[in-house]
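Engineer: If you're matching them up, the sequences are chains A and B in order. Residue numbers for the first sequence follow this note's numbering, beginning at 1 and rising by one. Residue numbers for the second sequence follow this note's numbering, beginning at 287 and rising by one.
Keep in mind that the hints were calculated from the coordinates and are not lab data. Among the hints, a few may not be true.
As the list claims (entries may be wrong) - Derived EDC-like pairs: lysine to aspartate or glutamate, alpha-carbon spacing no greater than 20 Å straight-line:
id : chain 1 : residue 1 : chain 2 : residue 2
1  : B       : Lys582    : A       : Glu53
2  : B       : Lys582    : B       : Glu480
3  : B       : Lys398    : B       : Asp454
4  : B       : Lys330    : B       : Glu487
5  : B       : Lys398    : A       : Asp19
6  : B       : Lys330    : B       : Asp354
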Amino acid sequence: MAAQAPAMPAIRLSWWIDDPRMRRMLLRLFGGALAVFIGIPLLTLVLWSFAGEWFWPNLIPTQWSLRWWQEVLENPRVIDAMVLSFTIAPVVTLLTAVVAIPAGYAFARLDVPYRRTLLLLFLIPNAFPRIGLYVSLAVLYYQIGLIDTYWGVVFLHMIGTLVYMTWITTATFRSIDPHLEEAARDAGASPLRAFFSVVLPLALPGIIVASLFSFLASIDEAQGTLIVGTPHYITMPVLLYTLISSFQRPVAAVFSVLLALPSLLLLVVAQRYLHSEYVAAGLGRV
Amino acid sequence: MAVVTSARAVPRPRRFDRSRAAGVLLVLPSLVYLTLFVFIPVIKAFATSFTVRDRDDAGNYTYRVGLDNYAQLATSDTLRANVIFTVFIAVTSVAIVFVIAYVIALALRFGKGPTAKFLGRIYIVPLFIPSVIASYAMITFLANHGFVDGILQALGLPDGAFPKIVFDWKGIVITQVWLSLPFMTVLLSSVLLEISDSLIESARDVGASSWQIFRHIVLPLSAPGALIGVTFMFLGVIGGFTVPYLLGPNAPQMLGVSMVYYMTNYFEPYIASTQAVAIFLLSLVAAVYYVRQQFKREIR
């Protein structure tokens, strides 16, 4: 008679998940590690920008100084790059808005023929690895003379912003009750009037968010601009490539802090206003 | 682009009799733009990749159609190594980001304490840092004689024992993880939000452990949405330039870097185009999956 084997207590490797105290402690540890991983590299950069003298292995600079800031802000190349970046970004944002908002409205509200096919086409730019797209575009630019031109850079920046803004505005217009527009039309407003005085104000928050992200995406775009804009159209991030490669550590650090400021400003605003979906979609600029 | 919309079927206003014409008119400008600056370049890249440039003895160039560029891609040890390296980096970084982001997303979805709140505030930060700056921050942080090296030194690590991270594959992966964390976390969080509390509570009522709930409910239910994030990030890493350019080794190179060098330094648009096509093909499965899933979400 086979003796019934006593049931072995199963060793559970996951016991800690069910223990709230253990779980809390592990989560705290994880949170701490994440904060260090995300925060300290950025902090090092800020330290470097104010370092007068910092010999390794000191963990903080031995002397503080603003002279790198002065050097950067007085450098004509830096000023040129800033001016260029801030003249390209508004144009990109405006052009994108002009092209994308009507499309977003049409996709959300109108009976566009071949709607499904068109929506699919609008997803395709995201499905191509970006650098492949940029190199393909650069090959074309060489042939049609758009390489190293202002408009060449603007049109390249629009690849990312256009698709993003179309999706965001489509979602925004969809979320607005169509009856409001119909009521305006019933009251005798023309389609244009109904759009501009009823729909557009309601859609404005979504449009503003999308515009802000487009602006930032244009300011931060580096790889495509490097390919089609050199040597005459050097925007801020492209200049940063050069500064990093030339191993001028404090100078590059100052410039990094400077370049990160617009985005960080948005972060402060964003924490309160932004829907996480918008933020997620803004990551077209990975 | 992972726009998670709650697209209810909106009753179409019947009022617009000329709706179709207006729709075409409004979509047309963006369609023209996409055709000129996305579709035509891609088609041309395909065509260029089949163009072979020969140089005769007099130094004149002649052009013909052929597969020579692809043959070069397949037989050149350097180029082949680049392809393998690119895939390796993409798969590794996506896997690491996925695990970390999943933990954060779980904490955000099910945690209530101050730690969860804290996580929710910090994970988003890299989203707002341009990739050039992130790369540079990582260089100062991880380089030999960088910040981490300094700390380990203070803790008694002998000089020179710090591993080579920057200008190595590890540097690329770590920086990609840093940069992609917010995107993956936002996406996974929104996916986890779709899992109803009642489902989890009923599982708990019948005695399921947290692990069982995770393994048999949360993980399977979040898989389709999570895959969108995985494919999108895969596409992003494969098509990346900045991070491998600043933090990668000289050899092997990721395709993005090697492509740009062929384009701008060696003036070889034919090989560059061939690499672009190779990148498109490498990401084809991910791209098709991404477009299909995202399309379903948008249309719904």
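Engineer: Against each hint, give a clear statement of whether it holds in the structure.
Structural biologist: Against the structure, the hints come out as follows:
| no. | hint | in the structure |
| --- | --- | --- |
| 1 | B:Lys582 - A:Glu53 | violated, 56 Å |
| 2 | B:Lys582 - B:Glu480 | holds, 16 Å |
| 3 | B:Lys398 - B:Asp454 | violated, 39 Å |
| 4 | B:Lys330 - B:Glu487 | violated, 56 Å |
| 5 | B:Lys398 - A:Asp19 | holds, 15 Å |
| 6 | B:Lys330 - B:Asp354 | holds, 17 Å |
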